[in-house]
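Enquirer: Residue numbering for the sequence shown follows this note's numbering, starting at 2 and increasing by one per position.
Possibly wrong hints are sitting among the right ones.
Label pairs and their in silico Cβ distance ranges [stated by the list, open to error]: (1) 141 to 48: 26 to 32 Å; (2) 52 to 141: 19 to 25 Å; (3) 115 to 141: 27 to 33 Å; (4) 73 to 47: 38 to 44 Å.
In short, the hints are calculated from the structure, not lab data.
Glycine included, each C-beta is placed from N, C-alpha and C at the ideal position.
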Amino acid sequence: ARDSEPSEQDWSSFVELRLPLFSAGRIRAGVRDALSRLREARAEHARAARAVRRDCEIAHENLAASKVRVAELGVRLAAARDAFAQAESLYDAGFGTNLERLVAQDQQLAAELELESARLEAQERELALLGARGELGAWIGFARALPPAEPAANVQEAQRAVAR
Numbered sequence: 002a003r004d005s006e007p008s009e010q011d012w013s014s015f016v017e018l019r020l021p022l023f024s025a026g027r028i029r030a031g032v033r034d035a036l037s038r039l040r041e042a043r044a045e046h047a048r049a050a051r052a053v054r055r056d057c058e059i060a061h062e063n064l065a066a067s068k069v070r071v072a073e074l075g076v077r078l079a080a081a082r083d084a085f086a087q088a089e090s091l092y093d094a095g096f097g098t099n100l101e102r103l104v105a106q107d108q109q110l111a112a113e114l115e116l117e118s119a120r121l122e123a124q125e126r127e128l129a130l131l132g133a134r135g136e137l138g139a140w141i142g143f144a145r146a147l148p149p150a151e152p153a154a155n156v157q158e159a160q161r162a163v164a165r
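Build the full structure now, drawing on both the sequences and the hints.
Expert: Okay, structure coming up:
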């Protein structure tokens with residue numbers, strides 16, 4: 002039996018003695034939860050990096066294909082211009098019909114239109130490549146600051162603490 006009430010000093014000793022015992026499990030659980038979220042974030046980062054790499058490869062292949070198409074259409078336009086010039090000469094000399102001249106002119110204009118469309122598509126794909134590489138903002142004049150990297154030493158210390 003106790004004759005007196007516990008003093009404030011007795012209560013503080015009791016709390017100091019008991020508090021670490023109860024909070025140790027919560028701290029360990031919090032550290033494990035944080036490490037779990039870290040692993041999840043790393044997996045998400047790896048997935049995003051793979052997606053960016055894939056998008057860059059696709060954009061690069063599309064741009065290369067567009068450039069090849071522009072070159073092919075340039076050759077086609079040169080041939081259409083030659084055909085129109087020949088049809089015009091034949092018409093002026095009286096050996097060709099107006100229909101032949103108009104058909105050649107139509108083919109030349111169609112080739113010019115198709116070439117300009119292909120050039121526009123190539124420019125669009127170049128912008129898509131810049132966007133996939135994350136350089137579009139800098140290209141148009143907007144700079145984006147990257148978040149600071151997390152120090153790896155703190156992560157390793159936390160993993161060692163949980164392992165104990």
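Enquirer: Please list, smallest to largest, the hint numbers that this structure does not respect.
Expert: none
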